[in-house]
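Engineer: Read off the chains here:
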Amino acid sequence: SQTIHQWPATLVQPVGSPLSLECTVEGTSNPNLYWYRQAAGRGLQLLFYSVGIGQISSEVPQNLSASRPQDRQFILSSKKLLLSDSGFYLCASATGFDNSPLHFGNGTRLTVT
Amino acid sequence: AQSVTQLDSQVPVFEEAPVELRCNYSSSVSVYLFWYVQYPNQGLQLLLKYLSGSTLVKGINGFEAEFNKSQTSFHLRKPSVHISDTAEYFCAVSRSGTASKLTFGTGTRLQVTL
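Chains A and B supply the protein sequences, listed in that same order.
Taking the working numbering, the leading residue of the first sequence gets -17, the next gets one more, and so forth.
Taking the working numbering, the leading residue of the second sequence gets 5, the next gets one more, and so forth.
Careful: at least some of the hints might be erroneous.
The following residues of chain A were derived to be distant from chain B, with all beta-carbon distances above 12 Å [to be verified]: (1) Val(-3); (2) Gly(-2); (3) Ser39; (4) Arg50; (5) Ile57.
Some chain B residues near chain A, calculated using beta-carbon distances under 7 Å [said to hold, decoys possible]: (6) Pro44; (7) Gln46; (8) Gly47; (9) Leu48; (10) Lys53; (11) Phe108; (12) Thr110; (13) Gly111; (14) Leu118.
Distance ranges between label pairs, derived from CB positions [claimed, not checked]: (15) A:Ser82 / B:Glu68: 15 to 25 Å; (16) A:Trp(-11) / B:Ser7: 28 to 38 Å; (17) A:Ser(-17) / B:Tyr43: 11 to 21 Å; (18) A:Asn12 / B:Gly57: 25 to 35 Å; (19) B:Pro16 / A:Ala22: 31 to 41 Å; (20) A:Gly(-2) / B:Ser58: 47 to 57 Å; (21) A:His(-13) / B:Ser74: 15 to 25 Å; (22) A:Asn12 / B:Ser100: 33 to 43 Å; (23) A:Gln(-5) / B:Gln115: 12 to 22 Å; (24) A:Pro51 / B:Ser74: 41 to 51 Å; (25) A:Lys62 / B:Arg81: 14 to 24 Å; (26) B:Glu68 / A:Ala21: 29 to 39 Å.
What the hints contain is simulated information worked out from the structure, not anything from laboratory work.
A virtual CB, placed ideally from N, CA and C, is assigned to each residue, including glycine.
Make a model of the complete structure from these sequences and hints.
Structural biologist: Right, here's the structure in full:
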């Protein structure tokens, strides 16, 4: 089965600083990868998804970007953080087959101060 | 596009009582439906899913859900809850053929007390 590793678990960053969150996946090859954000009191919002190396689709306009340098590595970045970037960021993976559900990592709680 | 409405943001219940968490969806095409559970400061874990076939779906931890196409609902139920069921529960929908590209509801906090 798939295992998704995310780090760090918590992060406090000042406004205007850069961001890099990393996610790696074990137990599958060529997965579909996803970044979700969960803001306080709200559901999960899909930010980016990727079906292969170097292939990134953005779901919402925002201050963040994503990259997939390797098959099982997915990185979420920002050049300058905003207060509104605070939230709980979840990486997820799926095998890409039609009925394959998402598997989630344990998330990174980002607080921008 | 799909959307999901979870009507209750919080549901308090006593241990060993039954519970139902409500979920309604909106879509113009065939959908897959899911329930996920999130324990504090953790990722989401799949409870159950409906892809096709029997409308009553059984999941882990004694939970089940029933797909009702006419009412566009997918309510989650458990006949007797335990303290350990305290968590946030998310209903999600995807368009058939894209099971992993989900639209989530805003979640229901299930609080089980003695």
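Engineer: What are the numbers of the hints that this structure violates, sorted from low to high?
Structural biologist: 3, 6, 14, 19, 21, 22, 23 and 25
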